[in-house]
Structure formats: structure tokens, C-alpha cells
Amino acid sequence: MKAKLLQLLLTMSDSYISGQAISEQLGCSRTAIWKHIDALRKEGYKIEAVQNKGYRLVFTPNLLTDHSIQATLATERFGKKVIVRDEVTSTQELAHQFAQEGNEEGTIIVAEQQTAGKGRLGRKWYSPKGTGIWMSIILRPSLAIQEAPQLTLVAAVAVVRAIKNVTGIEASIKWPNDLLINDRKVAGILTEMQADPDRIQSIILGIGMNVLQEEVPEELEEIATSLWKEKGVQVDRTALLAEILKELEWFYDTFLQSGLQFIKPMWEAHARGMGERITARGVNETVTGTALGITDQGVLRILDDKGNEREVYSGDLDFFHTDR
Amino acid sequence: MKIQELRELIKLIDDSSIDEFKYEEGGAKVTMRKQVKGAEKQTVVEGVQTVTAAPTTPAAPVPQEERQVEQPTTELKPQNPIQEEPTHSSNEKGIKAITSPMVGTFYQAPSPDSAPYVQVGDHVQENSVVCIVEAMKLMNEIEAEVKGEIVEVLVENGQLVEYGQELFLVRTG
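Just so you know, the sequences run in chain order A and B. Going by full-length UniProt numbering, the first sequence opens with residue 1, and the numbers climb by one from there. Going by full-length UniProt numbering, the second sequence opens with residue 1, and the numbers climb by one from there.
It should be emphasised that the hints constitute simulated quantities derived from the structure, not laboratory data. One or more of the hints may lead you astray.
To be verified - Stretches of chain B that chain A covers, calculated by requiring three or more beta carbons in the stretch to come under 8 Å of a beta carbon on chain A:
(1) 101 to 112
(2) 129 to 137
(3) 153 to 160
Cβ coordinates follow ideal geometry from the N, Cα and C atoms, glycine included.
Please construct the entire structure, taking both the sequences and the accompanying hints into account.
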């Protein structure tokens, strides 16, 4: 109800809409509408009310709420169920719980703050309150288990497109899934899977993005950035989140239908360091050489210094020179 | 049949309970036979060439091309040091292997500072997480799928594991 009212106000924000028209469209009393308008105002929305004209939304706070997200979504399935929490240890953890309880594909878990944001292998993700998009989405693809890792690449392309659509910024992808602006990390993707030997139960796709940090901590300045820092404006997080879900749903469906074939060239077009000298640091081995691209399965191909073509499934990349 | 298809086939047969497999297409015949008692499995491609299937556990992240070497069957040798003196084998009665469902990096613990999920001597349930296999930052939590005691860890932390590769041996029952 609140989401529908907000959606109406958002679409009509350049004109007034009367209380009568709202109550007809939403099928509820004018008293109920007044109550919801009041609640939205308390959250920080500025809603003008003019006698004989009606209501008009003039200011939207940069908040992520279930109704703000639902009022903005343009997807078929992703985000139809939204769980927003003020503070969680990690959205990934919570999403695992919700997945185990049987929540359907497309359910998203969003938090304004993570006290123990999850990076890969327990690495922490810096996620102060109200500044980013910290989101996990439940997926239940019918895919062979060995094809599932390609989803990380699919998500990376979707998020790059969403950033471009909303801000105009061209982010680049650091294999397989970090997003960089001017070689500093702006977003990361983490995918966790639970599967039976022959069937995927659920995949929790986590996206962490720095949006509204005016500054990043000094020790991270060389390696991390935010959209505010790069663009100089406070990007509306709800609009960005809705765009991410829209792109993600489209790329996900395309991937399930036809594999990586259409997405691979888009991934490569945004990839950082291809054709250049790079180092891939794994747990037991480090491979240095020329990045040749990715295989049809998304595996990184490196021509090492002995002239052997190597296929890298895991590791962190280092680049030797930067565009700075 | 292309070498790539042949490889896939070998893997599939390797992971299956089939002991012998024959296939004919356009004059080329393929016969595969498993010697289930020994550590080696042998693959013969009649009339075309002779191929030795590598043991299911490659030692290091070597590109696939290098791993499977054509050589006469008389020179069959186990190629993996881990399997040279097996204290247990998944062919033994009461011993089951936990295998990897995908190619990726094996992690024995949730983070570098954490204790391993399981060690030799630990008892596991079907749904106990025993390790993570990661590829392209997709973390796959592997569950035991069997109930019993871990008697052997066959791979090292950080090692690249193949599809179907045995990771742990579990004594069941």
C-alpha cells in the first residue's frame, strides 16, 4: 500500500495528484492515504499538499526501504520480495537463512549497514551505515553445477551496465568480478552456492557497492572509491538498486537461455588488463604473463613467461601499470 | 571423435559405476575398460590410438592438454604421489569418497585464519560442510552426503581440483 502510494507519487512528481484520484486508484480511503503520506514525511520525503490541487512529491530521501524499492522496481521477478534490515552481520548470511526456509528465486535482502560484511574467504567489506548498496539475492537456476561459476561474470556485466545507465560512468571489470573506476574498487560480487551432488539448491549472489561515501578511509584510498567520489553527485540508491535488478534479471535469463556466448564479448569489452601483463595470485601458485582473455566458461587465460597458456580458475589479479 | 569429447567421455566413465564401455561411430571404435582393483584406470581406443587416462587426481593446476599423455598401455604408472601409498581407497568396502562437483580451488577452511572444516578422525553427517571449492569467486560449500568418519584428506588447501576428483575418504557405517 505504502509502496503503491509512493510509486504513484514518484510517477506523478511533476504535477499534483488529488487525494480523491489516489484513493480511487489505490482503492482505499482518503484517511488511509493521509496516514501513509504522514508516515512517508516522517521518513524524510517532502510531499507538498495544496488545497484543490492535491499532493506532489518534491524531495526523496536517499533511503533504501522495502516500499521505496518496490515503488521503483521494473522487474518481472527479481525483488518482488524485499527484505530490508537496518543492521545485519551480513546480507549473505541472512539470505542463506531465507533460502533454506524456502524463499523463492528473486528474493532480495538489503541492509543499511553490515557489521561483518562478507568478502571472499572471510575478508571484510567496509560497509558503513546508509552509504552503499549491500544486497544479496536468492537464485535457484537449473544449471549444471560446473556452469554456475559463470554467474559471477554475468552479474559483473549487469552491474557495469546499471552503473552506466544511472550515472554515465564506465566502470571496468577486474576478473572475475570486481568493478573498478579509475582502478579503484567501487563494487564487488560474491557468489555462494549450496548444491546437492547433481542439483543446485540455491545460489546467493551478493553485491556490495560504495555509493554515498564522501570519503573513504585513508588506508583504503588507493584501492577503493565510491560513486559520490567519482561522479561528485549523490546517486539515488533506490534507483540504482532497481536498475541493477533490472539488468541482472535480463542477463540472468539470457545466460540461462543461451549461455555465456552473448555475454562474454560484453564482459571482455569492459575487462581491465586484457592483452596486458598481469599477475594472478592464487593460494599455492602465482602466474605472471599476458592476459589473453577468458574461455567460453569464463576461465582466465594467461600466456605465462615460459610460453605456456594457463587457465586460471581462482586468484587475485595485479596489474603492472595503471591508467592513473 | 574429437580428443575433447574423448576426454569428457573418460571423465564420465571414470565417475560412473560402469566397468566397460564400447562405442562405434563411422568406423572408429572406442572401448574403455576399468581395472577397478588397481589405482590405474585404463582406456583403449581401438583402431585409432592408445590413450592413457590420468588418475582422477591431477597434482597441480596444469592445463588439461598436458595432463593426458599418449603412451603405450604397458607404461601405465600411477602419476599422483598422493595415490602411491594409499592407506585407503574408495574401492574398499565401507569407504566412500567425497568428490568435487566442479573444477576449482579447494579450500579446507572458511578463511585463511579459521580451522579446517574437517580433519582426519572427524565424524561427519550427510549435511556437514567439509570444504569449499571455488571458481571465479563462486564459493561452493561441499557437503559430505555420507555419514561416517573422515579417514583421509586427499588434496591440499589451495589445490586445483577437477570435476569428479576425490577429495576425502569417509568410512561409513
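Status of each hint after checking the structure:
Only when three residues or more bring their CB closer than 8 Å to a CB of chain A does the claim for the stretch 101 to 112 of chain B stand; here the count is 9, and the claim holds. With 4 residues bearing a CB less than 8 Å from a CB of chain A, the stretch 129 to 137 of chain B meets the requirement of three and the coverage assertion stands. Beta-carbon proximity to chain A at under 8 Å applies to 5 residues in the stretch 153 to 160 of chain B; the threshold of 3 is reached and the given coverage holds.
In this structure, every one of the numbered hints holds.
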